[in-house]
Structures are given as C-alpha cells and as structure tokens.
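Visitor: Given next are the chains, with one letter for each unit.
2 protein chains.
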Amino acid sequence: MSITTSLPGFRDFYPRELAARSHIFAAWREAARRFGFEEYDGPPLEPLELYTDKSGDEIVRQLYNFEDKGGRAVTLRPEMTPTLARMAGARAGELRKPIRWFSIPQLYRYERTQRGRLREHFQWNVDVVGEEGVAADAEILAVALQSFQLLGLSAQDVVARVSDRRLLEALLLHAGVPADRLMAAYAAIDKLSREEERVIRDRLAKEAGLGAAAIDQIFRIFAHPDFESLTAAYRDVPGVAEELARLGEYFGILGALGFGAWVTFDPRIVRGLAYYTGIVFEVFDRKGELRAVCGGGRYDQLLEQVSGVSLPALGFGMGDVVLRELLADRELLPSGEPAGDYYLVAVGEPERRVVREMATRLRRAGWSAIYSLRAAGVKAQFKDANARGVRRVVVVGPDEVASGQVAVRDMASGAEERVRIESLGEATATAQRR
Amino acid sequence: MSITTSLPGFRDFYPRELAARSHIFAAWREAARRFGFEEYDGPPLEPLELYTDKSGDEIVRQLYNFEDKGGRAVTLRPEMTPTLARMAGARAGELRKPIRWFSIPQLYRYERTQRGRLREHFQWNVDVVGEEGVAADAEILAVALQSFQLLGLSAQDVVARVSDRRLLEALLLHAGVPADRLMAAYAAIDKLSREEERVIRDRLAKEAGLGAAAIDQIFRIFAHPDFESLTAAYRDVPGVAEELARLGEYFGILGALGFGAWVTFDPRIVRGLAYYTGIVFEVFDRKGELRAVCGGGRYDQLLEQVSGVSLPALGFGMGDVVLRELLADRELLPSGEPAGDYYLVAVGEPERRVVREMATRLRRAGWSAIYSLRAAGVKAQFKDANARGVRRVVVVGPDEVASGQVAVRDMASGAEERVRIESLGEATATAQRR
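Here the protein sequences line up with chains A and B, keeping their order. Per our numbering, residue 1 is the first one in the first sequence, and the count goes up by one each step. Per our numbering, residue 1 is the first one in the second sequence, and the count goes up by one each step.
In isolation and in its complexed conformation, chain A is listed as follows (with noise of 0.2 Å):
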C-alpha cells in the first residue's frame, strides 16, 4: 500500500515551509545570542513522572505517553521547562548562575485536532535561572521583544501585557479578600477578558465566596486605565506600595531597553496558578486576532519541585505557530525558497568536465553551484535554472573554453559580465555572496 501523508495535527515541512521555520529560527537564535543566552537541548522523551510530579495526572490526557520496551512510562516532551529544572537542577554546583540558557524544542500534545490545531510545534524557550531581582524579569521579556523586532514588528504590531502575581496579591487582600480565597479570586479574574462583568461579579460572589463590598473593590482595581494610575492611588497603602515600586522599577529598565513602547500594563494576566509567582506577562498582536504569541514569567518554586535544588528562576516560550500566522499577514516572511548563486550550462558533452571543474572552483569559494545532472540542450539547462531561481548562470560552450573566458549572466537584471574561468567567483562588482 502507499502512504502519502502524516498523521493528523504533524506538519510535514517541505522547502518553502522549511525556509519560512529558519528564517524565524535564526531570529530567535540572534536576539538570544545578543542577549548572552546560550543554547542546550535535552531529549523529546523524557520519564513521564517528570510532568505528573509537577502537574498532576490531570496532565496525561493531554500527552502522546506509553510504556517503553523497558516498561518505563516515558512521554513526548509537551514543554521545555521541566526538562531545563532537570538539566539545571543536576548540576547547580557547577554551573554559573545566573545561567542564561535557550532551547528550540519541538513539543506534542495530544490535542483533538479539529479546527487545524496541531499536535506538535515549535517553541523557544528562554530562561533565567538563579536570579530574583527585576532586572532579570525585564531582561527577559526585553529577549522575547528583541526577535519581534529582528522580524520586521514593531511597537505597533504587537504588546507586552504584564502583571505581577505578588502585586495581585497585595490588592486583593486589600480589597478584603481572605488568603484562602486568592486562588478563586485568580481564576475568576484570569477570565475578566473574555466574560463580562456581570458574570466576573457571579463568579466572584459564588466560586470565590466574596462579598459586594469587595467585589466592588476588585472592579475599582481594573477601573484604572494604566500604571501610573493605579500607582497614584495605592502608592500609600502598606504591601501593595513595594510591589508597585518594583513593578515600576521594571518598566523604567524596559525603557532603558528601549522596549518601553511595546509594554502595557495590565492586572487581568494571570497565568497557570499552580506555576507563576511573581511577574507574569504575554505578548499579543495589537489588532487583537490572533491568540498570544508568547507567555511566561516567574516561577521561583518549580526547581525545587523538579530537582530539589532551589533556584529562583523565570522565563517564557515562543511558539512558531501564532507567530508565523502573525508574520504571514504583515508579509513579512520570505516568499519562496532559497535561490542559488550559479547555474553552469554545458554546450556539450566535451564542457560537461569543465562545468564539474567551474562548480567545485565555486563551491570552494562558498558559493553554492549546480549543473544539469544529465545530457541536456542549453534551452533546457536554462529553462531548469529559471525555475529554480538561480540568480547567474553561466553557459559554457567550446569557444569559452579555448578563450577561457565565459559570460555570467544575471537572471534578474539581464545583465552580463565576462569573466576569466580561473577567477570566477572572486569577489566582482555585479557578484554578491549571499
């Protein structure tokens, strides 16, 4: 029998969708290279108590698990996290903290695939471990900011909304909140942008078990229109004063960053409950129609949990799914595949030899270089190397071979250029290596 596609929710990459991945590939890995961040890997299979310690056995629904030839219950990878505790946490002692560290793993989930959702993608990682101040917490969302900007987005296309879970926190307890309320008072809150008020209030009187007078406090928290705001009428109460000036000490090094008109603030992000612990943010297109491309925070707690070494550490993933959909509507992904750099046309049988010697010559130089495979007419050659989008091509016939001279010629411009075989490739004015 044949077999022509891959399962449901797997992408099969071919060379025009492999070259749109790289091209957002080699942003990530340039704005973590500039940010001083260095890349690890760790394996797409991993024990699958690595996920269920922290998680719970809720999660499993969720993952392509099973158990191994060994009898070990192993699961694809469904988040780098986990793995980067594991990696981190083993050998804490030697590595030089804070660790500055980033990851492009491929993660899976078994998701019901209806409406194109997928069962794997792509995500970068990037994370801080071993720091706790703020300007770990900016440096990081400054990273994820920096790839938007190496793609061609800006300020105006998309935004960083943030919040801070210990600021959250304070303002509840606040408005009169009990402890043992918060976590019903998040979950209510986390839906604040996609319901309406009234049901929030429901949510909130019922789930949370809060009185008018407080839900009525918690609505004049998300009244404010901004930071300043907010700071302006809280800046006096004690426990929610710090927290203000920390959040507001991270804007000011945003701005020193040169991010500061990419970051909003906004008190409704609030994250995986069980995870975050102090600054949590998402980036999200500014036309508001696509889903976030990009989340993370804080979570001083999860190495411990994962490895038992105490780390404070922070974050965010990047998936290239949203991302790519979002720099498909801005046409700002590169059409097509990667051209050539030269196409060599053999006349005839005798200059075949030659072109194989011309393509080595060029290769050598690093250019890339190809030739029909096979005995062809030039108008075939031709119309081969037009096809492929090489940008010159070269015909070589018996005449360029007694001269030692041949024509290079530009597919785009039309334009040609002689040359000395024995020189071709050098660096001229109408040749560019790419």
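FYI, nobody ran anything at the bench for these hints, they're computed from the structure. One should not assume that every hint holds.
As the list makes no split between identical chains, a pair holds if one copy fits it or if it spans any two.
Below 35 Å or equal to it, Euclidean Cα-Cα: the simulated DSBU-like pairs (lysine-lysine) are [stated by the list, open to error]:
(1) K97 x K379
(2) K54 x K69
(3) K379 x K69
(4) K191 x K383
(5) K383 x K287
(6) K191 x K379
(7) K379 x K54
(8) K191 x K69
(9) K287 x K191
(10) K206 x K54
(11) K206 x K383
(12) K379 x K287
(13) K383 x K97
(14) K379 x K206
(15) K97 x K206
Note that this is a predicted model, so its numbers are computed, not measured.
Following the hints, position chain B against chain A.
Guide: Below, chain B without anything else, positioned relative to chain A:
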C-alpha cells in the same frame, strides 16, 4: 521526588555539547547549500506501517512504537528515507526533478544500551530524487565529502569505499553463481572484511550452495588491488564491461569534483540487501578505529514501494555520533562555549541605567552584550565577565558618564581602547564583530 537524569540512551545537550552539535550541523547545512540542496523536515512521529511495509514486522522490535490515544499504530521515526519517499511521492507531479533535498532529523531506535549505545541520534540525510544517471551518484558522494572538508578533515583522515550492486551481480554471474543464489552470496561477501577467508568460503558453499570453482572465481575478484586492475581483467566480459564503464565514469566525475583522492573501490561494500540497487558507499576513518561515519547509495525501487510513484533515487545518511568522535580525536571540535562580545560593568547604582542603554545600543548594532542583573562590586563583575569568557569589558563609572568616553578592554590581550559612548559598537581597529 526529584528527577535529575534523562532516559537511558538519550542525551542532554548542555551548552558546551550543543555548541559542538551546532558546529557539525552548520557544516552539513553549508555543504548542502553549496551543492544546491534545499532543507525539508517531516514529523518525528509517523504511522508504523511506513516502516513495516518496507522492512517487514522484524523491524518493530527495534522501534519506539506505540498505540496513540486515537488507536493509531505510530512510531518515533527510526530513519528518514521513508518520510522523504512519502513527501516526495505526495507532490511528485509538482516538484521540479531532480529533487535535491536534505534534512537533519533526530532518529530513534530501541537498542540495548550496553556500551553506551544511544537510542537517539541526529542524522544528516541528503537525497536526489528523479535522476538515474551516474553523475547524480557522484554528486551525492561529493556533498558528503564536502562536509568533511568544511569540518577540517582531509583525504588523509577519511576514505569513501565504493561499490556497485550491478557490477557485483555481473561479476558473480560471470563467476558461475546462479541468479537465485545471488542474495545468499551477497550476504556472505558482506562479511568479508570482518571474517576469515575460510569462514566466507564455508558460507558460500553452505549458504549459497556454490562449488569450489565458483568460490575460487569469487576470491579472484576480491584479490584485485584496485579498480584499474579489475577493469583490465574483466573489460572484455559481456555484461561486466558496461558496469565497469559506468563505475569508471563515476570515479572520473568525482575527480573533476575534486574528490578523487578521497574515494576507493571496494567490492566488499554491499549494504542493505533489500534496499540498494546500484552504486553504494561507506565512509570510514583511515585509521579504521571507528564504525562507518556515513553510508548510502542508489535505491531506485523505494519510492514506488512507499508512495506508489516510480522515481529513481539515491542518497546517504551521516550520523552525528561517530562523526563527533572522529572530530574530537582530531581536535577539530570547537573548545568550550561561544564567548560573548561585551560585558558592561557599572561602578555604582547610577551607572546601571547607562549600562543598560549602552547594552541596548550594542545589541541593536548586532553585538552580544551582557551586564550584571544585580548590583555588584566592580571586582565581582570583572570576575563574572572572565568566568563567562566575554571578549571585551567596559567599565562605566561617574567619570566615564561625565566625559562621555569609556575604555574598551580586550580581555585576551589586555589592550584598552578609548571610545565615545555614542560610537560604541561601531567597527574599530580592535573590535571585530563575530
């Protein structure tokens, strides 16, 4: 509980190991680019039948296969060629032939892990689909050899051993091997380089059912010291002459491609019996200390078997594990992790903002720049810069801010250069962008 190790047979890539991996991948991609090959990728998880249809159920014992939550029989990919065949077959009508594709998949086998044997590795796959001529065979081997050259290896380090299944068949038929015993004879010959002559003779007699005269004839084939000697002996034998001529042309093309010294004829190279149909090769270290670094050849039947589309094809796989051992033995791997460009030292709290703005300027200009994420003494910051191997250190105190000038210290030479803060990161005599 705490989890600090990966599954047996799976590697963690800490930044130092990842840097070595990236070095190898970069050479693979660069060699492919120079030869005009385009990158593709497929899913790490594929339908099980993609492999069992070709290799039979035998292979299942070595696979990471399982039943997914939708009841599908799936497996982590053990090799890339079936995915290539599936993808090329699915778009055979629209893709320009010959297809020149490469990929760097991670592959999985459930092997016993004694002697540090791995259950995953990365493998560079390079293939040409849709070309039956011998020039394609030469081109495919040349791209493999190009990667060794880019990694600093020469014809003194590695050798490609080449044979042709069609030539071997013709020689064996001429030696008196009946057509229905060819497979058994191949299987015995495949052991020639590992077992003694009398063991092979025994196998040829018992397993292939050959008489003493045929066996003597076979050993005369392998007694020839090189391709020229074999050609002189058999050039007039009908059926053999054509095969010799084709392989002679192949060696000639490899000479024109600059790789003549890297290639040798070795009729003992047989490779996968059910798979290869023409020229086959394996690349070894000349010292003979390691397993094959690379292997491949022509497999003209596979595309039809997998996708139902009949197209000739050829290619090779080169794993990262043996290659890495070879490069380590020859001291050709990058030492340590990539070093950063700039470390900015803030003398006091007021300069921390200036340092962040300077880092932003440097990063925008394409440099990597880091600074301490917490307040620290100048000595501690210098020590951190040193420990991280950063190339240049800039100290920023009140005097530097007042004068608008800083000293850029090259950490390797100790040389200092005074630069205006606004022109930091512009190309200067000592500062070269990596």
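Visitor: Would you mind marking each hint as holding or not holding in the structure?
Guide: Cross-check of the supplied hints:
no.	hint	result
1	K97 x K379	between (62 Å within a copy, 16 Å between copies)
2	K54 x K69	both (25 Å within a copy, 22 Å between copies)
3	K379 x K69	neither (57 Å within a copy, 54 Å between copies)
4	K191 x K383	neither (58 Å within a copy, 47 Å between copies)
5	K383 x K287	neither (44 Å within a copy, 46 Å between copies)
6	K191 x K379	neither (64 Å within a copy, 49 Å between copies)
7	K379 x K54	neither (64 Å within a copy, 40 Å between copies)
8	K191 x K69	between (43 Å within a copy, 30 Å between copies)
9	K287 x K191	within (20 Å within a copy, 66 Å between copies)
10	K206 x K54	within (28 Å within a copy, 60 Å between copies)
11	K206 x K383	neither (72 Å within a copy, 56 Å between copies)
12	K379 x K287	neither (50 Å within a copy, 48 Å between copies)
13	K383 x K97	between (57 Å within a copy, 12 Å between copies)
14	K379 x K206	neither (78 Å within a copy, 57 Å between copies)
15	K97 x K206	neither (45 Å within a copy, 66 Å between copies)
In summary, the numbered hints that this structure violates are 3, 4, 5, 6, 7, 11, 12, 14 and 15.
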